[in-house]
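One letter stands for each residue in the lines below.
2 protein chains.
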Amino acid sequence: MNLTSVDQIKKQNFCSGPAILPAPVIAEAAAAAADWNGSGLSILEISHRSKEFVAVMEEAESLTRELLQVSDDYAVLFLTGGASSQFYMTAHNLLGENDRAYYVNTGTWSTKAIKEAKLYGQVVEVASSADTNFSYIPKGYDIPADARYLHLTSNNTIFGTQYQQFPDVSVPIVSDMSSDIFSRPFDVNRFGLIYAGAQKNLGPAGVTLVLVRKDLLGKVNRDIPTMLNYETHIKKGSAFNTPPVYPIFVSMLTMRWIKQHGGVAAMAERNEAKADLIYQEIDRNPLFVGAAAKEDRSRMNATFVMHHTDLEGAFLEAATNAGCVGIKGHRSVGGFRASIYNAMPIEGVQTLVDVMQEFARQHA
Amino acid sequence: MNLTSVDQIKKQNFCSGPAILPAPVIAEAAAAAADWNGSGLSILEISHRSKEFVAVMEEAESLTRELLQVSDDYAVLFLTGGASSQFYMTAHNLLGENDRAYYVNTGTWSTKAIKEAKLYGQVVEVASSADTNFSYIPKGYDIPADARYLHLTSNNTIFGTQYQQFPDVSVPIVSDMSSDIFSRPFDVNRFGLIYAGAQKNLGPAGVTLVLVRKDLLGKVNRDIPTMLNYETHIKKGSAFNTPPVYPIFVSMLTMRWIKQHGGVAAMAERNEAKADLIYQEIDRNPLFVGAAAKEDRSRMNATFVMHHTDLEGAFLEAATNAGCVGIKGHRSVGGFRASIYNAMPIEGVQTLVDVMQEFARQHA
Numbered sequence: 001m002n003l004t005s006v007d008q009i010k011k012q013n014f015c016s017g018p019a020i021l022p023a024p025v026i027a028e029a030a031a032a033a034a035d036w037n038g039s040g041l042s043i044l045e046i047s048h049r050s051k052e053f054v055a056v057m058e059e060a061e062s063l064t065r066e067l068l069q070v071s072d073d074y075a076v077l078f079l080t081g082g083a084s085s086q087f088y089m090t091a092h093n094l095l096g097e098n099d100r101a102y103y104v105n106t107g108t109w110s111t112k113a114i115k116e117a118k119l120y121g122q123v124v125e126v127a128s129s130a131d132t133n134f135s136y137i138p139k140g141y142d143i144p145a146d147a148r149y150l151h152l153t154s155n156n157t158i159f160g161t162q163y164q165q166f167p168d169v170s171v172p173i174v175s176d177m178s179s180d181i182f183s184r185p186f187d188v189n190r191f192g193l194i195y196a197g198a199q200k201n202l203g204p205a206g207v208t209l210v211l212v213r214k215d216l217l218g219k220v221n222r223d224i225p226t227m228l229n230y231e232t233h234i235k236k237g238s239a240f241n242t243p244p245v246y247p248i249f250v251s252m253l254t255m256r257w258i259k260q261h262g263g264v265a266a267m268a269e270r271n272e273a274k275a276d277l278i279y280q281e282i283d284r285n286p287l288f289v290g291a292a293a294k295e296d297r298s299r300m301n302a303t304f305v306m307h308h309t310d311l312e313g314a315f316l317e318a319a320t321n322a323g324c325v326g327i328k329g330h331r332s333v334g335g336f337r338a339s340i341y342n343a344m345p346i347e348g349v350q351t352l353v354d355v356m357q358e359f360a361r362q363h364a
Numbered sequence: 365m366n367l368t369s370v371d372q373i374k375k376q377n378f379c380s381g382p383a384i385l386p387a388p389v390i391a392e393a394a395a396a397a398a399d400w401n402g403s404g405l406s407i408l409e410i411s412h413r414s415k416e417f418v419a420v421m422e423e424a425e426s427l428t429r430e431l432l433q434v435s436d437d438y439a440v441l442f443l444t445g446g447a448s449s450q451f452y453m454t455a456h457n458l459l460g461e462n463d464r465a466y467y468v469n470t471g472t473w474s475t476k477a478i479k480e481a482k483l484y485g486q487v488v489e490v491a492s493s494a495d496t497n498f499s500y501i502p503k504g505y506d507i508p509a510d511a512r513y514l515h516l517t518s519n520n521t522i523f524g525t526q527y528q529q530f531p532d533v534s535v536p537i538v539s540d541m542s543s544d545i546f547s548r549p550f551d552v553n554r555f556g557l558i559y560a561g562a563q564k565n566l567g568p569a570g571v572t573l574v575l576v577r578k579d580l581l582g583k584v585n586r587d588i589p590t591m592l593n594y595e596t597h598i599k600k601g602s603a604f605n606t607p608p609v610y611p612i613f614v615s616m617l618t619m620r621w622i623k624q625h626g627g628v629a630a631m632a633e634r635n636e637a638k639a640d641l642i643y644q645e646i647d648r649n650p651l652f653v654g655a656a657a658k659e660d661r662s663r664m665n666a667t668f669v670m671h672h673t674d675l676e677g678a679f680l681e682a683a684t685n686a687g688c689v690g691i692k693g694h695r696s697v698g699g700f701r702a703s704i705y706n707a708m709p710i711e712g713v714q715t716l717v718d719v720m721q722e723f724a725r726q727h728a
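Protein chains in written order, with the working numbering: chain A, 1 to 364; chain B, 365 to 728.
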């Protein structure tokens with residue numbers, strides 16, 4: 001991707017992550033990097049113990065609780081290391097050597113989560129869509145009541161699939177929600193632990209949100225390094241060590257923006273309209289075909305390929321010339337991927353749809 | 365600390381970390397958060413795989429190598445989790461269950477490093493200055509040739525002590541250099557591994573620099589989670605997962621600034637002049653006394669207390685009124701701490717010295 005190749009056109013940012021942020025959030029974030037609230041100091045150079053930044057941390061937590069309706073049974077943590085660190089940290093904290101956890105494999109990220117969990121306990125891959133290159137969400141499996149948890153990836157950024165409803169199981173669900181948290185309402189109480197790298201709907205790269213049901217902790221019989229123990233961060237309000245100040249600040253601003261725009265229910269409505277627009281074009285347009293099973297299509301990442309792959313280069317060029325950035329598909333799927341997170345306006349999606357229609361006219 | 369209490373005066377930022385950054389770095393960082401290089405996109409929302417950001421990563425590595433004269437025997441990594449994560453990650457990667465590592469205890473951070481390393485192997489606390497509340501750097505110990513490494517904290521932010529020279533040992537040194545890396549020249553080749561949270565001389569909170577001698581890796585016989593294995597990050601150029609894009613970008617800008625201003629040798633000269641200025645005042649002024657042994661005084665963090673502790677509140681107020689922010693001492697030492705990292709101009713130190721002199725005149 002070349003960000004500066006087409007300077008004169010308004011960019012539509014379809015990057016899969018780090019991804020588009022709301023324009024007012026970017027403006028306020030940039031202003032605070034220059035001079036925070038007229039303090040004469042940049043937010044980049046202030047103490048994480050200053051009362052002003054402590055207030056940011058508190059607001060980030062309270063907005064998370066409010067937007068997602070998180071009860072006091074759960075801790076809200078802002079950590080680092082991304083979902084990739086949560087792959088092992090979840091199992092390190094929750095899965096004893098002889099405990100069993102069940103994992104649904106829906107692609108690259110689930111596969112990595114499974115690999116790391118195996119270092120700590122008994123891991124059962126209870127269902128997988130590997131047979132069709134992860135084009136769907138497996139359903140209809142049972143989870144025994146003595147399982148420690150069921151792990152799933154709520155939205156699969158690479159393959160463009162997403163749980164439309166979560167499985168009805170009697171054990172806590174542990175979920176990687178990196179790419180769809182804050183995009184729709186869901187019942188937190190069905191989950192034991194939720195983790196999400198910020199860099200899709202929440203903020204810039206560098207912070208990881210974790211919601212964890214506190215009563216699940218402290219039950220495994222192993223040494224946990226201080227920084228890897230969720231209880232450390234609960235006790236210290238995510239400030240046992242220096243937290244990633246600026247990524248947390250920008251995430252807080254994004255949550256304010258979500259709240260101002262109607263919360264996650266309103267986000268879901270907008271996201272559904274955007275997804276309908278792009279998928280209707282994919283299904284209507286004779287040049288394109290959707291990559292994921294229709295009933296499992298992601299409202300965050302629309303994946304699609306071309307019937308004639310030799311046209312892909314020309315289409316990518318046409319989209320780029322129209323200002324559409326970041327639509328090249330992941331190499332595991334090929335073709336194209338339009339990531340249409342919360343901050344993507346429907347006008348951006350329309351721009352891409354227009355390119356698809358014009359391209360079809362030219363190549364009919 | 366209240367950042368906005370005195371709005372009308374130029375702030376002198378003596379925070380211990382996150383800490384002062386050079387003004388031109390802040391200006392460029394803020395501009396890139398609004399619109400990066402005229403791309404129409406904020407650097408907060410661009411892919412870490414974009415060729416523009418890959419170039420930032422490459423420049424950050426090459427500037428690190430150039431400024432610190434790091435040979436190809438070492439990997440240069442940009443990770444997350446701070447020094448607090450390196451406390452266990454170093455031992456996890458370098459210290460087998462039956463191996464012995466030697467640790468010098470010079471305060472809070474060393475103590476934490478020792479605690480985490482004990483989870484992995486045999487840890488010998490070979491020397492400590494706990495007997496005097498860590499007011500000096502212990503010297504004159506021997507390290508057996510079969511030790512895996514000697515660990516030390518090069519600068520002790522809280523207590524205001526710093527190694528003026530590193531011990532002459534036959535084993536690799538592992539060092540937490542969070543608060544003095546890039547502040548002076550030193551011979552990297554005497555070290556096996558160096559780690560540093562960025563938020564002092566390097567950049568904003570959210571990224572951790574690691575230099576590691578590659579031949580030391582892969583020798584312990586234990587499972588290492590993928591994200592905790594240095595070899596993962598070496599193979600993937602610190603982009604196995606999404607790196608903290610903005611903190612790395614700002615760190616790269618700071619390294620450019622260091623280079624433009626003469627490199628670490630020039631930084632050392634400036635830092636020595638600043639340290640001389642403040643310590644001469646501490647020693648001359650009848651109201652104050654330095655907290656650390658003179659020969660081990662830190663050139664990054666000058667710690668000092670008052671003979672009459674009942675005057676401390678009034679002095680803090682006088683300093684604050686003069687725009688000096690962040691000089692309250694850590695509770696472990698009390699009194700005051702002036703952190704005078706690379707980006708602090710000598711004029712800032714002079715402002716504080718002027719307050720000390722004026723205060724002494726008023727309270728003679």
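Just so you know, these hints were derived from the structure itself, not from any lab.
These numbers were taken from a predicted model, which means no experiment stands behind them.
Hints may contain errors.
Unchecked claim - Okay, derived cross-link-like pairs now, BS3-like style, lysine-lysine, Cα gap no bigger than 25 Å in a straight line:
| hint | chain 1 | residue 1 | chain 2 | residue 2 |
| --- | --- | --- | --- | --- |
| 1 | A | 235 | A | 51 |
| 2 | B | 692 | A | 51 |
| 3 | B | 600 | A | 328 |
| 4 | A | 328 | B | 415 |
| 5 | A | 236 | B | 600 |
| 6 | B | 599 | B | 583 |
| 7 | B | 479 | A | 235 |
| 8 | A | 112 | A | 139 |
| 9 | B | 415 | B | 692 |
| 10 | A | 236 | B | 479 |
| 11 | A | 51 | A | 236 |
| 12 | A | 328 | A | 294 |
| 13 | A | 236 | B | 692 |
| 14 | A | 10 | B | 415 |
| 15 | A | 115 | A | 219 |
| 16 | A | 219 | B | 623 |
| 17 | A | 115 | B | 479 |
| 18 | A | 118 | B | 599 |
| 19 | B | 600 | A | 115 |
| 20 | A | 236 | B | 482 |
| 21 | B | 476 | A | 235 |
| 22 | B | 479 | A | 219 |
| 23 | B | 482 | B | 415 |
| 24 | A | 112 | B | 583 |
| 25 | B | 599 | A | 112 |
| 26 | A | 214 | A | 118 |
| 27 | A | 115 | B | 583 |
| 28 | A | 51 | B | 374 |
| 29 | B | 600 | B | 415 |
| 30 | A | 118 | B | 583 |
| 31 | A | 118 | B | 600 |
| 32 | B | 476 | A | 219 |
| 33 | A | 235 | B | 482 |
| 34 | B | 583 | B | 415 |
| 35 | A | 112 | B | 692 |
| 36 | B | 415 | A | 11 |
Stated by the list, open to error - Listed next, with one range per pair, are the computed distances between beta-carbon atoms:
| hint | chain 1 | residue 1 | chain 2 | residue 2 | range |
| --- | --- | --- | --- | --- | --- |
| 37 | B | 388 | A | 219 | 44 to 54 Å |
| 38 | A | 65 | B | 698 | 34 to 44 Å |
| 39 | A | 59 | B | 508 | 46 to 56 Å |
| 40 | A | 164 | B | 510 | 56 to 66 Å |
Positions of the beta carbon are idealized from the N, C-alpha and C atoms, including for glycine.
Structure-based check of each hint:
Restraint check for residue 235 of chain A and residue 51 of chain A: satisfied, since their Cα atoms lie roughly 18 Å apart, inside the 25 Å limit. In summary, the hint linking residue 692 of chain B to residue 51 of chain A is supported, as the alpha carbons are separated by about 14 Å, within the 25 Å threshold. At most 25 Å may separate the alpha-carbon atoms for a hinted pair to count; residue 600 of chain B and residue 328 of chain A meet this at roughly 21 Å. For the suggested pair residue 328 of chain A and residue 415 of chain B, the alpha carbons sit about 14 Å apart, so the restraint of at most 25 Å is met.
Straight-line distance between C-alpha atoms of residue 236 of chain A and residue 600 of chain B comes to about 32 Å, which puts the hinted pair past the 25 Å bound. The hinted pair formed by residue 599 of chain B and residue 583 of chain B meets the criterion: a straight-line CA distance of about 17 Å does not exceed 25 Å. Taken as a hint, the residue 479 of chain B and residue 235 of chain A pair is honoured in the structure, with Cα atoms around 18 Å apart against an allowance of 25 Å. With a C-alpha separation of about 20 Å, the suggested pairing of residue 112 of chain A with residue 139 of chain A holds against the 25 Å cut-off.
For the hint pairing residue 415 of chain B with residue 692 of chain B, the CA-to-CA distance comes to about 44 Å; that exceeds 25 Å, so the pair is violated. Simply put, residue 236 of chain A and residue 479 of chain B have alpha-carbon atoms about 18 Å apart, close enough for the 25 Å limit, and the pair holds. Of the pairs offered as hints, the one joining residue 51 of chain A and residue 236 of chain A holds, with about 15 Å between alpha carbons and a cut-off of 25 Å not exceeded. Restraint check for residue 328 of chain A and residue 294 of chain A: satisfied, since their Cα atoms lie roughly 21 Å apart, inside the 25 Å limit.
For the proposed pair residue 236 of chain A and residue 692 of chain B, the alpha carbon gap of about 21 Å is at most 25 Å, so the pair holds. Distance check on the hinted pair: residue 10 of chain A and residue 415 of chain B sit about 20 Å apart at the alpha-carbon level, within 25 Å; holds. As the CA atoms of residue 115 of chain A and residue 219 of chain A are separated by approximately 22 Å, the hinted pair is consistent with the 25 Å bound. A hinted pair counts as satisfied when its Cα atoms are at most 25 Å apart, and residue 219 of chain A with residue 623 of chain B does not qualify at roughly 51 Å.
A distance of roughly 28 Å separates the Cα atoms of residue 115 of chain A and residue 479 of chain B; the hinted pair therefore is violated under the 25 Å criterion. Proposed proximity of residue 118 of chain A and residue 599 of chain B is supported: the alpha carbons are some 22 Å apart, at most 25 Å. For the given pair, residue 600 of chain B sits about 18 Å from residue 115 of chain A by alpha-carbon distance, which is consistent with the 25 Å threshold. A distance of roughly 22 Å separates the Cα atoms of residue 236 of chain A and residue 482 of chain B; the hinted pair therefore holds under the 25 Å criterion.
Straight-line distance between C-alpha atoms of residue 476 of chain B and residue 235 of chain A comes to about 17 Å, which keeps the hinted pair within the 25 Å bound. Under the criterion of a C-alpha separation no larger than 25 Å, the hint pairing residue 479 of chain B with residue 219 of chain A is consistent with the structure, at around 22 Å. As the CA atoms of residue 482 of chain B and residue 415 of chain B are separated by approximately 42 Å, the hinted pair breaks the 25 Å bound. A threshold of 25 Å between alpha carbons decides the hint, and for residue 112 of chain A with residue 583 of chain B the separation of about 24 Å falls inside it, so the pair holds.
For the hint linking residue 599 of chain B to residue 112 of chain A, the alpha-carbon distance of about 17 Å falls within 25 Å, and the restraint holds. Under the criterion of a C-alpha separation no larger than 25 Å, the hint pairing residue 214 of chain A with residue 118 of chain A is consistent with the structure, at around 23 Å. At most 25 Å may separate the alpha-carbon atoms for a hinted pair to count; residue 115 of chain A and residue 583 of chain B meet this at roughly 22 Å. Annotation: proposed proximity of residue 51 of chain A to residue 374 of chain B holds, straight-line Cα distance about 20 Å (limit 25 Å).
Between the alpha carbons of residue 600 of chain B and residue 415 of chain B the distance comes to roughly 15 Å, so the proposed pair stays at or under 25 Å and holds. The suggested pairing of residue 118 of chain A with residue 583 of chain B holds, with an alpha-carbon distance near 22 Å, which does not exceed 25 Å. Taking the CA atoms of residue 118 of chain A and residue 600 of chain B, the gap is about 22 Å. The hint holds against a cut of 25 Å. For the proposed pair residue 476 of chain B and residue 219 of chain A, the alpha carbon gap of about 24 Å is at most 25 Å, so the pair holds.
Taking the CA atoms of residue 235 of chain A and residue 482 of chain B, the gap is about 22 Å. The hint holds against a cut of 25 Å. About 35 Å separates the Cα atoms of residue 583 of chain B and residue 415 of chain B, which puts this hinted pair outside 25 Å; it is violated. For the hint linking residue 112 of chain A to residue 692 of chain B, the alpha-carbon distance of about 46 Å lies beyond 25 Å, and the restraint is violated. A threshold of 25 Å between alpha carbons decides the hint, and for residue 415 of chain B with residue 11 of chain A the separation of about 17 Å falls inside it, so the pair holds.
Checked against the hint of 44 to 54 Å, the pair residue 388 of chain B and residue 219 of chain A passes, with Cβ atoms roughly 52 Å apart. Look at residue 65 of chain A against residue 698 of chain B: about 37 Å separates their beta carbons, and that is inside 34 to 44 Å. At roughly 53 Å, the beta carbons of residue 59 of chain A and residue 508 of chain B sit within the given window of 46 to 56 Å. Restraint check, residue 164 of chain A to residue 510 of chain B: a C-beta distance of roughly 60 Å satisfies the suggested window 56 to 66 Å.
Checked against the numbered hints above, the structure breaks hints 5, 9, 16, 17, 23, 34 and 35 and satisfies the rest.
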